[in-house]
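Participant: Those protein sequences? They're chains C and A, same order as listed.
Position 166, counted from 1, in the first sequence is what our numbering calls 166; the numbers after and before it change by one each time, with no gaps.
Position 341, counted from 1, in the second sequence is what our numbering calls 341; the numbers after and before it change by one each time, with no gaps.
Careful: at least some of the hints might be erroneous.
Claimed, not checked - Here are the computed lysine to any residue pairs in the SDA-like style, where the Cα-Cα straight-line distance is at most 25 Å:
id, chain 1, residue 1, chain 2, residue 2
1, C, K202, A, S287
2, C, K202, A, V317
3, C, K202, A, R131
Unchecked claim - Calculated from the model, a selection of chain C residues having no Cβ within reach of chain A, i.e. all distances over 12 Å:
id, residue
4, V160
5, H222
6, P226
Hints are computed from structural coordinates only; laboratory data are not their basis.
Using N, Cα and C, we set each Cβ at its ideal position, and we do this for glycine too.
Chain by chain, the residues:
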Amino acid sequence: MSEIAGSRFTGAQPRAAVALASMWTYLGVLPFFAFIIAFLIFPATNLFAGAFQDAKGHFTLVNIQELFSPYILKAYRTSLEVSLITSVSGGVLGFFVAYAITMGAAPRWVRNMLLTFSGLAANFGGVPLAFAFIATMGRTGFVTAILKSICYTAADASKVCPLDPYEAGFNLYGTVGLAVTYTYFQFPLMVLVITPAIEGLKREWREAAENLGATPWQYWRHIGFPVLLPSILGAMLLLFGSAFGAYATAQALTGGSILLVTIVIGQQIRGDVLGNTNLGYALALGMVVVMAVCIAFYTLLERRSSRWLKR
Amino acid sequence: MAFLEISGVTKLFGQGAGAAVDDFSLSIERGEFISFLGPSGCGKTTTLRVVAGFEQPTSGSVHINGVDVSSVAANRRNIGMVFQSYALFPNMTVAENVGFGLRVAAQPATVVQARVAEMLELIRLPDYGRRYPHQLSGGQQQRVALARALAVQPQLLLLDEPLSALDAKIRVELRAEIRRIQQELKLTTIYVTHDQEEALSLSDRIVVMNVGRIEQVGTPFEIYNYPRTAFTASFVGHLNLLPVQVTDAATGACMFEGTPLASSQAAPANQNGTARLAIRPEELVLSGAGGNRLTGRVLSVNFLGNVVRLRVRVGAVELSVDLFNERKLVLPAVDAQVELSFPAHACWLME
Numbered sequence: 001m002s003e004i005a006g007s008r009f010t011g012a013q014p015r016a017a018v019a020l021a022s023m024w025t026y027l028g029v030l031p032f033f034a035f036i037i038a039f040l041i042f043p044a045t046n047l048f049a050g051a052f053q054d055a056k057g058h059f060t061l062v063n064i065q066e067l068f069s070p071y072i073l074k075a076y077r078t079s080l081e082v083s084l085i086t087s088v089s090g091g092v093l094g095f096f097v098a099y100a101i102t103m104g105a106a107p108r109w110v111r112n113m114l115l116t117f118s119g120l121a122a123n124f125g126g127v128p129l130a131f132a133f134i135a136t137m138g139r140t141g142f143v144t145a146i147l148k149s150i151c152y153t154a155a156d157a158s159k160v161c162p163l164d165p166y167e168a169g170f171n172l173y174g175t176v177g178l179a180v181t182y183t184y185f186q187f188p189l190m191v192l193v194i195t196p197a198i199e200g201l202k203r204e205w206r207e208a209a210e211n212l213g214a215t216p217w218q219y220w221r222h223i224g225f226p227v228l229l230p231s232i233l234g235a236m237l238l239l240f241g242s243a244f245g246a247y248a249t250a251q252a253l254t255g256g257s258i259l260l261v262t263i264v265i266g267q268q269i270r271g272d273v274l275g276n277t278n279l280g281y282a283l284a285l286g287m288v289v290v291m292a293v294c295i296a297f298y299t300l301l302e303r304r305s306s307r308w309l310k311r
Numbered sequence: 001m002a003f004l005e006i007s008g009v010t011k012l013f014g015q016g017a018g019a020a021v022d023d024f025s026l027s028i029e030r031g032e033f034i035s036f037l038g039p040s041g042c043g044k045t046t047t048l049r050v051v052a053g054f055e056q057p058t059s060g061s062v063h064i065n066g067v068d069v070s071s072v073a074a075n076r077r078n079i080g081m082v083f084q085s086y087a088l089f090p091n092m093t094v095a096e097n098v099g100f101g102l103r104v105a106a107q108p109a110t111v112v113q114a115r116v117a118e119m120l121e122l123i124r125l126p127d128y129g130r131r132y133p134h135q136l137s138g139g140q141q142q143r144v145a146l147a148r149a150l151a152v153q154p155q156l157l158l159l160d161e162p163l164s165a166l167d168a169k170i171r172v173e174l175r176a177e178i179r180r181i182q183q184e185l186k187l188t189t190i191y192v193t194h195d196q197e198e199a200l201s202l203s204d205r206i207v208v209m210n211v212g213r214i215e216q217v218g219t220p221f222e223i224y225n226y227p228r229t230a231f232t233a234s235f236v237g238h239l240n241l242l243p244v245q246v247t248d249a250a251t252g253a254c255m256f257e258g259t260p261l262a263s264s265q266a267a268p269a270n271q272n273g274t275a276r277l278a279i280r281p282e283e284l285v286l287s288g289a290g291g292n293r294l295t296g297r298v299l300s301v302n303f304l305g306n307v308v309r310l311r312v313r314v315g316a317v318e319l320s321v322d323l324f325n326e327r328k329l330v331l332p333a334v335d336a337q338v339e340l341s342f343p344a345h346a347c348w349l350m351e
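Could you put together the complete structure from these sequences and hints?
Facilitator: What follows is the structure, given as structure tokens:
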């Protein structure tokens, strides 16, 4: 009885009141959509359109054509290299650190300290990070200075300083230095993202495997790693994206002497006479395409590696 | 020496904490089905994990088939284990799960395949080999876990509360299945549970545990009918306790609120005249003729199907009375005066 009465009551409600009620529901997310439209959809459409226009606004494919010039192709290659190297190095390092703090016998406070540090370091990028590295590992950085000062006199009376990093070929202002600097925020990011996944491995899985005669290595090969693989892939993609889009760190560290795509874009849209804003748009479009390819590739891998999750 | 010999096993977790397992010794014969029964935290699971090799005992040893396995790693003990949470590998199909132990032992694929098929037949899920664990119900998952543990032909099977996560109907069904398979394979089995019904219905012998110690070891019949400690008596089955004055410690005669009662055993020593008279609800009958008699008032009548449970107030205590249901049974009304009787051999005195 009460059910019938209830439905009659809602039926009697005016349509307008219902519409108003549902509008109230959406009011809360209105700022979000406004934000998305103003700062994502609008610029993205603009960027896409701009990539196919010349300075006067006429349709052209010249910008796209220019992406395949050696200068720009090299920038893409450098960007991809740095991103790939640091997402793998940061990913592997981060994975083992996360593994150590979850599976190892380290006390709780070490774990908490490491996670707090990771939260901090993962967001410590840009100019401050670049200067921090210049101050420590730069040509006159204090770590460099310490390493430089460790010398001995060789048999032929010449002075040998075996630990001088710059003598050994290290250069903070080159690709290697960039990779080292990026790894500083890459690996804590990996720790943050992968720790919950490692915690999700059930103790019983390891024990059941052990019980069935598996060695720890066999457990990891057949269960631990396959179960974690989708999460690892996802985390590394995130790392790749964060390195691929980084600009300020590289700019501050190398003063623009390393050509990354982001730096080339910066040169084009800075607004001086040498710049070509529309080429900048095309470059950005190229980055979008690279990321889209990465995500497609990831989706494919993820689907294959987590067949067991699909219903 | 028995097939499985657990001698003086003690397990301490950290300094200062009480012993999780305290001087546990037990001999288990080949093919026996043993249950560890007790409340949570009584040490039953820890003892099982010591046998499995997941925990190192602080002292004591475990011998299987005459071999001291105390320092043998868990993955070399050849013991099958079934976990409460099933613990199936989520990234493997049912067949891959069942065949895992054989594959890591580098058995040829044909052998693995044949054994997997045989195991799936045993657990009556022959067509489920290609499914993933998440596509199975809890009961099916646990049966697969059982098959996985049995596939490697373990010398010992350990089950850690395997049915606790399942609903009542499946639990009873799977219980019978486990017993059938165990008897078919004549497999020495240890079954950990806090469910007395499971322990009573499955086991050859039950080990009742409390705070890390063995309270009593015996057949289900012995444990239920002749509990040796107050803990066992109250943990296994329902028990009525009457505070009594012991009038003759040697014969077990006593007095409850002015009514003389006879019991079967001598009263426990070190008593200053008071004790508790224990009696199971099903031993009490309404207005019977023989033995001890008590008069009380019916507080409630609960119809449970095969039995009817009455709550009866006798003096200062409330007693449970279980009557077997039958169609000609006439149930007393609430507030009615009833006469309860029980024979002397049905009750015993406890501290």
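Participant: Next, verify each hint and record whether it holds.
Facilitator: Evaluation of the provided hints:
1. C/K202 / A/S287: It is violated: about 58 Å lies between the C-alpha atoms, which goes past 25 Å.
2. C/K202 / A/V317: Cα-Cα ~49 Å, so violated.
3. C/K202 / A/R131: holds (21 Å)
4. V160: The claim stands: C/V160 keeps its Cβ more than 12 Å from every Cβ of chain A (closest is about 50 Å).
5. H222: violated (7 Å)
6. P226: violated (5 Å)
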